[in-house]
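Listed below, chain by chain, are the residues.
Protein chains: 6
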Amino acid sequence: MPMVRMVEYDNAGPEVKAVYDDIMATRKSNWVNNFWKTLASHPPTLRRIWAGVKEVMSPGRLDPLTKEMIYVAVSATNNCEYCIHSHIASARAKGMTDEMLGELLAVAGMANQTNRLANGYQVPVDAQFKPPA
Amino acid sequence: MPMVRMVEYDNAGPEVKAVYDDIMATRKSNWVNNFWKTLASHPPTLRRIWAGVKEVMSPGRLDPLTKEMIYVAVSATNNCEYCIHSHIASARAKGMTDEMLGELLAVAGMANQTNRLANGYQVPVDAQFKPPA
Amino acid sequence: MPMVRMVEYDNAGPEVKAVYDDIMATRKSNWVNNFWKTLASHPPTLRRIWAGVKEVMSPGRLDPLTKEMIYVAVSATNNCEYCIHSHIASARAKGMTDEMLGELLAVAGMANQTNRLANGYQVPVDAQFKPPA
Amino acid sequence: MPMVRMVEYDNAGPEVKAVYDDIMATRKSNWVNNFWKTLASHPPTLRRIWAGVKEVMSPGRLDPLTKEMIYVAVSATNNCEYCIHSHIASARAKGMTDEMLGELLAVAGMANQTNRLANGYQVPVDAQFKPPA
Amino acid sequence: MPMVRMVEYDNAGPEVKAVYDDIMATRKSNWVNNFWKTLASHPPTLRRIWAGVKEVMSPGRLDPLTKEMIYVAVSATNNCEYCIHSHIASARAKGMTDEMLGELLAVAGMANQTNRLANGYQVPVDAQFKPPA
Amino acid sequence: MPMVRMVEYDNAGPEVKAVYDDIMATRKSNWVNNFWKTLASHPPTLRRIWAGVKEVMSPGRLDPLTKEMIYVAVSATNNCEYCIHSHIASARAKGMTDEMLGELLAVAGMANQTNRLANGYQVPVDAQFKPPA
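Residue numbers (our numbering), protein chains in the order written: chain A, 328 to 460; chain B, 328 to 460; chain C, 328 to 460; chain D, 328 to 460; chain E, 328 to 460; chain F, 328 to 460.
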């Protein structure tokens, strides 16, 4: 149960409705997921976060599937149950198989492991890895 | 300064030397970075972690650059200075440009933001995102 | 289901009962929430943590509502479901509205985002931000 | 040393210069800090993040100092050295004293502690803390 | 519900069955827990992670109970519900009492608190704590 | 450089001096480390945190070395540079060797890895791991 009342389309004011319409048009879908219905309890956050997600996740130098997989790796690291579900679903819709998910989580898990070994031992950065001034 | 003495090639025992040789052969390079020289203070960890990294980071369903970028996203999330440096360097060597790095960190940053909005509001997972039983 | 048996008032020994009584007196309430009933499985922890929370959350240079909102921001960052619920409830009891919660989570989310951009890019601290020696 | 070349005002293109000008105008200052000069390596991120920070940190139901203190609490939790410095500096400029910083970090530290006790014991959420359906 | 279909013993291929057999033989048990049945959706991960856990958790300079308690402390810090349950169960099977769990979580909680005080205040490392060069 | 001025013994007021004296007496040492000199900028925090650390880290059902190792595992997970240094130094003073540190960080690293695999796959808790009601 969310900490605020979710806003359904039919009860939404015009500012919220406009965002919902843009979400559905952008995604070519006919429903809005709970994340946005919850953010709608604070319309400026709904508008700002949607505009940001729309911009960041659109195709660029990285393709949309790669972006979804990065999103999953971060969400697994932070343990966001909602985000793990929603972004694995999005990645599957874009072609991610069980095997690709396996590799993705294997890399994320390994990074979480070696991050702590590097920190715990306080490994100094090699000169070769430092960017040129 | 690391919390243990790093092991240089010339002072290494045969088990450590064998790992160093495999690292250089696999990477077609002629040096070993500080992470491995630090882990060599505990040879079983050196051997196990290297075998794991070698397996996980080799080409599979995901290409090596995508894997490096996932590694960078997790390392930035966890704030591992060493890993951020070493994996950005590896990703650049595999073709990552400033623009790709910009998109990668934009996605990682956005995920870190929405992870907390989803958690803070305790957004319930949509039935549509649940995997079939 | 908690990992230990919770201690109900009627089954509590005198040390635990004294803490429960102080919790209810301090909060002018007639019940004790599950967090304390769980900590009561280890009485020294119950006593120490309650004394700490009581001291830290009492009015000082920061008012109690500001303190609750800081607690919520940290709990959302760490994804503590229990703490998100209990401290949002406390903040609401002290006057936090949906709009204030929206702003609070917007700031916490933004901080989580820019923390990773600053770390991922390894932005050097400006001399102007360094405290005087 | 940042992972990309920082963009100084005199070398910036018009899109970046416009953001820098808005940062200085908004803050009534005559310099731009390293965070923005680093983000300028990816102009869409510079523009988007600045617009977001400007909106989120402006006065609303929460006053600007409260917002800065929430930012500090999250940054200390995530251990972002840059953000700790920059947001403590901003909070001090808005009136935060050593004593207020002491209370703020005391609350943030306590939340980090009890978050792990609640999680480690898997304390169940009390019915009283659940939001009404 | 896991994000992939779990693999039961009777439906497993020979590579997965061999790992399951080794898990049960090593643990002198007659069942395999859900973690491994989920990893079996990606057999290389199942094999690699099991080999690693088997090696790392076997008796060494640290005894198995100490290792389980370290595992619990990390899992509580990261809020991994599954791992908290499975490693507390393992630690109890090796002799951990409620009182030992209380002390363990008290230390883990305290560390999470002082970590943020040290970071938030940016306390400089004392020369006495630096390892000799 | 810390975010506040550290308080040296000779400049300390009586409340702070009393804590410093107790730290040195308890540890049978003749100096106070920077952590406490920084907390002394907010005397109530100094007093409360020292009392808590003294209680939690004293011998109980767990011996002091085990407690220090748990502290190190959490500090490596959270990447607290100060705490990694100070608690590794304390653990070494209590007998921790390089080999024990190697095992400790191997367990902490593995836990950080499997925490993310369990979360990323959303592995359901086995009935066998659930505590009895």
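Hints were generated in silico from the structure; no laboratory data involved.
Some clues are possibly wrong.
The list cannot tell twin chains apart, which means a pair is met if one copy fits it or any two copies do.
Here are the simulated DSSO-like pairs of lysine-lysine, each with C-alpha atoms no more than 30 Å apart in a straight line [what the hints assert, rightly or not]: (1) Lys355 x Lys421; (2) Lys421 x Lys381; (3) Lys344 x Lys355.
Quick rundown of the hints versus the structure:
1. Lys355 x Lys421: So Lys355 and Lys421 pass the 30 Å test inside one copy only (14 Å; across, 35 Å).
2. Lys421 x Lys381: Answer is both: 16 Å inside a copy and 28 Å across each meet the 30 Å cutoff.
3. Lys344 x Lys355: Within one copy, since 16 Å is at most 30 Å while 36 Å is not.
In summary, the structure agrees with every hint in the numbered list given earlier.
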